[in-house]
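S.K.: Residues per chain, in single letters:
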Amino acid sequence: MRERQGTAADAVQGLVPGLVLEPATLEEAAEALRRSAADRMAVTFVGGGTDLGLGGRPARLEAVIRTGALSRLVDHAPADQVVTAEAGMTLGALREVLALHRQWLALDPPLPDRATVGGVVAANAFGPRRARFGAARDLVLGVSIVRADGTAAKGGGRVVKNVAGFDLPRLMVGSLGTLALLTTVTFRVHPLPEARATVLFPGLDAAQAWALTSGWRAAQLEPTSAAAILASDRFDLGVRFEGFESGVADQTGRILDLGRKGGLAGERLGEADAKGFWRRHDAVREGGSFRVKFSAPPSRLPDMARSWLPPVLGELSPAAAVVYPTLGIAFASGDPASAAGVVAGLHDARIAVIAAGGSLVLCEAPVAVRGAFDPWGAPPPSIDLMRSMKERFDPDRRLSPGRFVGGI
Amino acid sequence: MSERTSLADLARRMEAVVGARNCYSSGPDLLTYECDGITHGRTRPDLVVLPGTTQEVVEVVRLARASGRPIVPRGSGTGLSGGARPVPGSVVVALSRMRRILEVNLEDGWARVEPGVLNLDVTKAVSGAGYYYAPDPSSQSICSIGGNLAENAGGAHCLKYGFTANHVLGARLVLHDGKVVDIGGTSLDSPGHDLLAALVGSEGMLGIVTEVTLRLLRKPEATRTFFATFPSTDEGGEAVSRIIAAGILPAAIEMMDRLAIVAAKAATGLDWPDVGAALLMDADGPVAEVEDTSARAVKIAREAGALEVRLPKSEAERQLMWKGRKSAFAAVGRISPNYMVEDGVIPRSEIASVLREIASMAKDQGLRVANVFHAGDGNLHPLVLYDARESGQEERAERLGGDILRMCVRRGGSITGEHGVGADKAEYMADMFGESDLETMKWVRSAFDPECGFNPGKVFPSTPLCGERAGPGGRVPHPAEKSGEVERW
Chain Y
0 MRERQGTAAD AVQGLVPGLV LEPATLEEAA EALRRSAADR MAVTFVGGGT
50 DLGLGGRPAR LEAVIRTGAL SRLVDHAPAD QVVTAEAGMT LGALREVLAL
100 HRQWLALDPP LPDRATVGGV VAANAFGPRR ARFGAARDLV LGVSIVRADG
150 TAAKGGGRVV KNVAGFDLPR LMVGSLGTLA LLTTVTFRVH PLPEARATVL
200 FPGLDAAQAW ALTSGWRAAQ LEPTSAAAIL ASDRFDLGVR FEGFESGVAD
250 QTGRILDLGR KGGLAGERLG EADAKGFWRR HDAVREGGSF RVKFSAPPSR
300 LPDMARSWLP PVLGELSPAA AVVYPTLGIA FASGDPASAA GVVAGLHDAR
350 IAVIAAGGSL VLCEAPVAVR GAFDPWGAPP PSIDLMRSMK ERFDPDRRLS
400 PGRFVGGI
Chain F
0 MSERTSLADL ARRMEAVVGA RNCYSSGPDL LTYECDGITH GRTRPDLVVL
50 PGTTQEVVEV VRLARASGRP IVPRGSGTGL SGGARPVPGS VVVALSRMRR
100 ILEVNLEDGW ARVEPGVLNL DVTKAVSGAG YYYAPDPSSQ SICSIGGNLA
150 ENAGGAHCLK YGFTANHVLG ARLVLHDGKV VDIGGTSLDS PGHDLLAALV
200 GSEGMLGIVT EVTLRLLRKP EATRTFFATF PSTDEGGEAV SRIIAAGILP
250 AAIEMMDRLA IVAAKAATGL DWPDVGAALL MDADGPVAEV EDTSARAVKI
300 AREAGALEVR LPKSEAERQL MWKGRKSAFA AVGRISPNYM VEDGVIPRSE
350 IASVLREIAS MAKDQGLRVA NVFHAGDGNL HPLVLYDARE SGQEERAERL
400 GGDILRMCVR RGGSITGEHG VGADKAEYMA DMFGESDLET MKWVRSAFDP
450 ECGFNPGKVF PSTPLCGERA GPGGRVPHPA EKSGEVERW
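Going down the list, the sequences are from chains Y and F.
Here the first sequence is numbered in numbering that gives the first Met the number 0, starting from 0 and rising by one per residue.
Here the second sequence is numbered in numbering that gives the first Met the number 0, starting from 0 and rising by one per residue.
Simulated from the structure, these hints should not be mistaken for laboratory data.
Ideal Cβ placement from N, Cα and C applies to all residues, glycine included.
The reader is advised that the hints may include incorrect statements.
Said to hold, decoys possible - Selected chain Y positions facing chain F (in silico; Cβ < 7 Å):
#1 158
#2 160
#3 250
#4 326
#5 327
#6 377
#7 379
#8 384
#9 385
#10 387
To be verified - Below are the EDC-like pairs computed for lysine to aspartate or glutamate, each with C-alpha atoms no more than 20 Å apart in a straight line:
#11 F:441 <-> Y:390
#12 F:298 <-> Y:383
#13 F:159 <-> F:290
#14 F:218 <-> F:107
#15 F:159 <-> Y:137
#16 Y:260 <-> Y:249
#17 F:362 <-> F:389
#18 F:298 <-> Y:193
#19 F:178 <-> Y:383
#20 F:218 <-> Y:249
#21 F:312 <-> F:220
Work the whole structure out from these sequences, hints included.
M.R.: Structure (structure tokens):
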């Protein structure tokens, strides 16, 4: 197994590991965990490193296990629409393989050419198509893992329907490397759509954006994505339809009619403009030294726009935000003018979002902000069960200790 | 654990919690609770308790655990894997009195319900407003949401819409020590481990769920159905593969083989022809797209060798087609004195060859197998027909059922697609999972219930408990099922 001394490029939230292990096979991955167990090293797993800012700074970090060399396609069964990849394969590389068979994995988180399938699952990373296809928990069918004790195990399977045994694959989603190292992931994949179109409704206020969202739901339209990008104090709402040409053309026309009836002018974007709109969206998700995620019941979109986003955005320069109206999820990003200012804004926003039954999670932030603001917020009522889970999977607290909710 | 309290003493204390009417410790009242939808392997529990509130569940759990007795949670008891089968000396906690729909929020698309609410009643409560609850196990008019959650129930339409796991947003859970904990919520991505992932499909082994928050969906604008017949399951399977390969995601795509068609006709009097295979497909979504995809699927079915394609001319005719499909299983009772149902999964591209293998395995055992299945996701329900009066037939049927499941695993599939492992398939878990896999699953269980007092004897392979019989077995259809009003799989 390849191993080397850690450098600044291997740092996790500023912590430089003494050792970097780069397993290239599943056997080496198990060996890496056995070795860290024997030497009692605290380890963090790194894929493409696109979500390393998520969560707290690890309390200890002796070694990083990089999965980049675990990048093989294990199996693709086009007729069964399932694919198994090693955890370090990038989403971009997986897309290329699937596209040869006119298929895709309907997960579209930021930075696909860096993000790895294991990292996407561990961080529960997602993009706008979650509106139609769900997130990692809705697409993952099976996993292989290596446990903290160095033992390989698996859960789920490689068929789209399976309820045998406890659901380890979904349990791994969003666990941020605190329970085990993912080594392979099996996903359900979908046929690539025959056609796609994006309709843009520019300059909406929050009430209009929500009214339109409710309107297309009432009209039984089924977009695959919807994203409202904040432009000064108005939203540019992009709605994407994908599927067979017949359905895309029909739904595009109907949503434009729906807008017109509500006095909202929209347009079906040409290919270049559509790309431009989604690039703007990507920039919000990828940019800035600071990023935060809001989640709340979708109907609270007007509160999101009026009360929750502004205290944070007011402290960022440049400031950007995108709201997924059907999901109730928003991201704000930018560069904080002052740590104290943005922390004050975050506190206010978190209180309001939690009161609405939601959550606010820090995804990326400068060190000064991190030190003054809990990235997860107060632990949920079920924290004892999470601690109990951690105790069983990682009794010595060596897998990214302190990075997760409640200091797990 | 403390010394076992005497049964009479425990019964008195339970009665004080739930009322004498809601606690059975003897007599015929216990009989119903000796098994679930799998009626063999009956085991008499010590006590059956029917709490009416979360607080009552808390007290019942505390009393039962303090008495050292295992707890067996139970919904409607329609399960087909022995998941609600009691163990000797157990307390069955039946949630059937907790059947209130507590809150509905259409704007954000969810409903909060008690576990005893019947699956179909959720949809009934919101269908007037144009919403529905997507998972549709075939027993949906009699099975409960709590049971659905425990078994991660599926249904014909989960090919497109997913299982119970994809539609539960939150749950209130009573733990082994009587603590009440809320998991998930009404917004997405609650920070922390995905405990709902552990809970849904945990077969009653983690605690007792007393409230569930379910995702509600807007009804699709249109549904188009067609029925097609084929000379054999080879052509039928090929049609399914080609439809999927064409990029069409049917809402449901079901197949029946010759024997199942014969049985369905005998039961319903439908004018279906005597053919080797029949396919029933639903496409749903926005009307323009559905018209298009449905027409494409029909064309593909013809190209794949369909003998005949029927399009229902009315909703009534469509319902009749589905009734034929739904009654097929109970109808098997008309052509065989006894039968067992299996629930294996295979990669869908292998349907035709797997069916041939099943036929050859059946021939070797001198038995017949009828097949009705969710073809789109490769979820087979082979019905092993036998006559229990003939010496040795039941044993041979069991052997065949087990061999079919193992063959599913060999083909890269699963021993259960939607019925759960329960007590019945626990021994086959070792065919699908290794020791370390099972050990890891046990960690999940013990994180919630360190003493493993909830629903012992399920999922994990172990020595059968006294009085229990391992392996799949026969069942008796519900009267509503015989009439085709409901089906079970």
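S.K.: Each of the hints needs a verdict: does it hold here or not?
M.R.: Results for each hint:
no.	hint	verdict
1	158	holds, 5 Å
2	160	holds, 4 Å
3	250	holds, 6 Å
4	326	holds, 6 Å
5	327	holds, 6 Å
6	377	violated, 9 Å
7	379	holds, 5 Å
8	384	holds, 6 Å
9	385	holds, 5 Å
10	387	holds, 4 Å
11	F:441 <-> Y:390	holds, 13 Å
12	F:298 <-> Y:383	violated, 56 Å
13	F:159 <-> F:290	holds, 17 Å
14	F:218 <-> F:107	holds, 15 Å
15	F:159 <-> Y:137	holds, 11 Å
16	Y:260 <-> Y:249	holds, 17 Å
17	F:362 <-> F:389	holds, 17 Å
18	F:298 <-> Y:193	holds, 18 Å
19	F:178 <-> Y:383	holds, 11 Å
20	F:218 <-> Y:249	holds, 18 Å
21	F:312 <-> F:220	holds, 18 Å
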